[in-house]
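2 protein chains.
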Amino acid sequence: MNETKIVNTIRLLSVDMIEKANSGHPGMCLGCAPMIFILWCKIINFCPNKPLLIKRDRFILSNGHGCALLYSILYLLGYDYSIDDLKNFRQIFSKTPGHPEFNPKLGIEASTGPLGQGIANGVGMSIVSKKKGINNFIYVMCGDGCLMEGISYEAASLAGHLGLNNLILLYDDNGITIDGKTDITFSEDVRGRFKSLQWNVLDVENGDTDLEDIYSKLICAKESKDKPTIIFVKTTIGYGSFYSGKSSIHGTPLGTRDIKSLKELFGFDPEKSFFIDQDVKSYFLELKEKKEKYWIKSGFSLEEQDHPLFTSLLNTEIINCIRNIKNGEKNYSSRDSSSIVLKKISELLPNILIGSADLAESNKTMVSTILSKNDFTGKYIHYGVREHSMCSIANGISAFGFLPVVSTFLVFITYCLAPIRMAALSKHKVIYVLTHDSVFLGEDGPTHQPIESLTILRSIPGLLTIRPCDSTEVSSAYQIALEFNGPSAIILSRQVLTNIDKSNIDEMKLGAYIIYENERKKDNEENMKLDWIMVATGSEVSLAIEVAKKYTEMFIRVVSMPCCELFDLQTKEYKNSILPKNIKKISLEAGSTLGWYKYVDYVYGIDTFGMSAKMNDIKDYYGFNVEKICSFLSIH
Amino acid sequence: MNETKIVNTIRLLSVDMIEKANSGHPGMCLGCAPMIFILWCKIINFCPNKPLLIKRDRFILSNGHGCALLYSILYLLGYDYSIDDLKNFRQIFSKTPGHPEFNPKLGIEASTGPLGQGIANGVGMSIVSKKKGINNFIYVMCGDGCLMEGISYEAASLAGHLGLNNLILLYDDNGITIDGKTDITFSEDVRGRFKSLQWNVLDVENGDTDLEDIYSKLICAKESKDKPTIIFVKTTIGYGSFYSGKSSIHGTPLGTRDIKSLKELFGFDPEKSFFIDQDVKSYFLELKEKKEKYWIKSGFSLEEQDHPLFTSLLNTEIINCIRNIKNGEKNYSSRDSSSIVLKKISELLPNILIGSADLAESNKTMVSTILSKNDFTGKYIHYGVREHSMCSIANGISAFGFLPVVSTFLVFITYCLAPIRMAALSKHKVIYVLTHDSVFLGEDGPTHQPIESLTILRSIPGLLTIRPCDSTEVSSAYQIALEFNGPSAIILSRQVLTNIDKSNIDEMKLGAYIIYENERKKDNEENMKLDWIMVATGSEVSLAIEVAKKYTEMFIRVVSMPCCELFDLQTKEYKNSILPKNIKKISLEAGSTLGWYKYVDYVYGIDTFGMSAKMNDIKDYYGFNVEKICSFLSIH
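Going line by line, the protein sequences match chains A and B.
Note that the numbering used here has the first sequence beginning at 1, numbered continuously upward.
Note that the numbering used here has the second sequence beginning at 1, numbered continuously upward.
Extracted from the complex, chain A is given alone in its bound form (with noise of 0.2 Å):
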């Protein structure tokens, strides 16, 4: 069979998606496909009507743009498309959106396209795979833009750290990015990075046509000990078309003159699209059925991957090891109730990683023991001062179906928004430990305390942000958090808080309840109506308490709200039992008001930034306590 053959197949049916969707980008996909089709059809470990075995390699295209090239591959293996899912090309509905969507089956093993992404996702799966002791290899292919993302170097210093010689990345090096050549901007010495970042470097100087290279170096890549792997793969942008090796080539749909010009050049008929030769095809089925019968040959588990499970029993022990704090007589900080319940669910759960970017001690997440390069059985990873891979390292922990708990200060989201977002798109469970919630954090001021953080995390579609108000909260937040089907912010304080009588595990899950009602003095009417309803979330609830304990001449209920995405998932009829109309409602949180006005009709919290001071000093100062929101009440 002529492989350069199949290689230019897969360029032109790349090309003809693009084009008749008229946007795209073809550059990269006759750049890389060579590379593609050495991966797909020599080098990668997968079985198409079998998509999930568990030890199937694993591929990622970090520089997603580049999808109609992997679609075309997988289209050809194979997997579950269509000729005219690729005709339908970033048309809606389609099976082929303009950047590849998470979805397994369909042999797409992470949303890409936002740079630099896919590398940290191939870090993470890495690491399951070397922790479950899967023989397989992740494969990751990238271009510039990856590389000068600073995620991709977090990831690689930690792969690098941890050894991960499952990891192989396939650098696209064209020298071109959207603005121009490589060297307006991008100059270093790329080779003598990674290798400082303790990976092998391999080098193909000719991506474009030598197929065997390719080849052989990813052999080679494979034997690595204790390394991963970079291969840098000469390409040249556009192969073939009038703008090869130009940055227009990037991002613009070819024309219908280069197309033909370009499947003349090929040796292809210039009037056909998405035209696959007999031979072709040929191929592609005996590649097919050798890929089935390889793995009911080599003995190879036909296990399927899986994901956590929420259990009864785990379920039992997280409620029975809050009963326990809250039985006793101390009261804890709510970053101190997550680290035992967290403890109990790390004992329980097989496939759990917990870890923290350099804050195990301030989030108290460090609840197991410690995985390393020479010892991957621990449960807790130090991700070092690396929020935005660790929460990207994350998505690919899920999606190779271990549960990622991740954790650092609320502030530093603005450090891994982009992961964050991923998950909740990709619906990774994932479930990230956020503490030093509120500027009651203190002294560290304003850098470090978090106005607009609860405001962000509830803006993203797909996310619960859950902000618990004790122990019997944190626990029942844990329980909301495994059982989502996405991820989960657990929302925790610095400060120690009250436990709360009628805190209850079952009533949080819809979100809001009521969690107080006070007595008001008694004067002559008989129906009482509520004064006030003062909605609340965390530290404010036992706050909001006891303000509604002391003003006795009003009539108060005091509803905690730790998770307003639950809430609003709830029926008319409760959402009215909880928040009936016609009385005034107040919110009470120590940040942004802006989210709050769609349940209430007043806010109080804080829309400017922090301040460094003692906790005490910062409650006065905002408002945060019995005396001003009694005022505050008593006047509107």
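One or more of the hints may lead you astray.
Here are the simulated lysine-lysine pairs, BS3-like style, with alpha carbons at most 25 Å apart [said to hold, decoys possible]:
#  : chain 1 : residue 1 : chain 2 : residue 2
1  : A       : 55        : A       : 293
2  : A       : 281       : A       : 20
3  : B       : 581       : A       : 585
4  : A       : 509       : A       : 575
5  : A       : 549       : A       : 330
6  : A       : 585       : B       : 572
7  : A       : 246       : B       : 373
8  : B       : 260       : B       : 281
9  : A       : 581       : B       : 585
10 : B       : 195       : A       : 227
11 : A       : 628       : B       : 598
12 : B       : 42        : B       : 297
13 : B       : 598       : A       : 585
14 : B       : 343       : A       : 181
15 : A       : 326       : A       : 581
In short, the hints are calculated from the structure, not lab data.
Place chain B on chain A using the hints.
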């Protein structure tokens, strides 16, 4: 003078501050005092009573948690601190907050704390310094944490690329992070990494006591011809204390016993706190005099740093260039209108630096000549695919008196939110040009389509988020951003927008204004009461007007609200005139609705992720067409 005594005075002042506050980070203060002493007393050019001299060297403490050390030396040097300011460390309203807060008059050149930012800030300052041809130096001190962050890699790569030989990074190489020894997660060859990034690498073997070596390496660094320099200074965290060399010393006050022992070890009276011996006082008095004389004698300019001025000429020119657009027949995308305005501004404003994270063509921001290693006269920087460091570099550029304009896709604020927050906190005038502002960007799909982005930006205190609806509002957006004392995000469309008759530059400065009212079909009522007020932004304003034009059974007002933050600042009367009570109000914005309940009763937006499809299919799917909106209005 015994220099070690000075160093130990600084050390003890710092730990006394932390002890009194019972909060802070003594480890780094004890380790880095020798560096701080040599830098400030022998190397840095400054003048305490003229702190804003433009030619001063700049010093940034990127590991900002060690700020007790910085306040100590600044106090001794004669900056505007008193001994009581040191005693009030981390207390409410003090001049000495828990992390440095931007205030050049007090010697604080950048807000730091979130790790890695200071390095990128330094790159920004270094660029402006070279651009202005000022013969000064930018010194940045950092720790392991800063170097683990991806932003440090991005910034260092660009610094190497641009050959910033006036940038000197002092790396506190103490081998300890919060979670333990750095080798638990950071085993890369940092020297090799920086060499690969085209930096000079120098070493100080004993940074605890070898003052001469620190000095000579700094002198050596200053002589670099074409590279930035990193100096690895081996230090002992918590030098001299019981816990020296241990991670536990990082963020915990020493305690009485340890401090006593430390003072004895240094030959100080263990009973005295905040003690400065007479000879040390004299040393600093002399130094201060010397510094003052130097500036006068050297013939150096006593010019103080200024900031870009928003002139009436600029104002007029902006209006003119947009008037030309508007008088033409063609409609523009708002990114195209922006490009025209920005070009004009870049011609007229001498101190502006524009750039993009490799999306110049898409953001339409490449309106000037390119700045490069060999020619700093250009006003355009190719930042590369480095959103995080781009925005942090912008903060440094702003701090040095230039106006940075940086651009990327709106959705990618998730990569650079930390420096955007820091800009807001520090009131840096930075303009973020954020294009591709909604799902209507089309085929690139959900990874590239903002949903939550506007809510995120609006939740950040001190940041203006401006989403203009046509070319007139684009020009107003730039005027607002140029006048505002802080950062502004200008949010722009990919698709063409219709010019609107009544869009108004001046009214827009009130944040929101009436842009259209329809003429309801006459009925018998004399006093027509509005049926609906539609509040829209950006591309949705013309859609709202279309709705109002079509739906003449109802009396509909359309309000353009390009900037919520400015509207919030208006008088109650104005707000009521635009959005009167007891009239049904609905928001119309193609994104998260969470923040809109503040202004309206009904929301019309998108609270799920987007999809890859043609723009018109997306409009229909999400109900952003006249028919579906009319239908919504009719049933509510």
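Inset, instruction - Verify the proposed pairing of residue 581 of chain B with residue 585 of chain A, using a straight-line Cα cut of 25 Å. - result: 18 Å, holds
Legend entry - Restraint check for residue 549 of chain A with residue 330 of chain A, where alpha carbons must lie at most 25 Å apart: The given pair, whose Cα atoms are some 22 Å apart, holds under the 25 Å limit.
Legend entry - Holds or violated: residue 55 of chain A to residue 293 of chain A, with C-alpha atoms at most 25 Å apart: 15 Å, holds
Legend entry - Holds or violated: residue 598 of chain B to residue 585 of chain A, with C-alpha atoms at most 25 Å apart: 14 Å, holds
Inset, instruction - Take the C-alpha atoms of residue 628 of chain A and residue 598 of chain B, compute the straight-line distance between them, and say whether it is at most 25 Å. - result: 23 Å, holds
Inset, instruction - Given the hint that residue 281 of chain A pairs with residue 20 of chain A, test it: the Cα-Cα distance must not exceed 25 Å. - result: 22 Å, holds
Legend entry - Given pair status - residue 581 of chain A, residue 326 of chain A, alpha carbons within 25 Å: 34 Å, violated
Legend entry - Satisfaction of hint between residue 297 of chain B and residue 42 of chain B, Cα-Cα up to 25 Å: 18 Å, holds
Legend entry - Pair hint outcome, residue 585 of chain A versus residue 572 of chain B [Cα-Cα no greater than 25 Å]: 21 Å, holds
Legend entry - Holds or violated: residue 343 of chain B to residue 181 of chain A, with C-alpha atoms at most 25 Å apart: 24 Å, holds
Inset, instruction - Assess, step by step, whether the Cα of residue 260 of chain B is no farther than 25 Å from the Cα of residue 281 of chain B, and give holds or violated. - result: 22 Å, holds
Inset, instruction - Decide if the proposed pair is consistent with the structure: residue 581 of chain A and residue 585 of chain B, CA atoms, cutoff 25 Å inclusive. - result: 18 Å, holds
Hint compliance for this structure: hint 15 is the single one not met.
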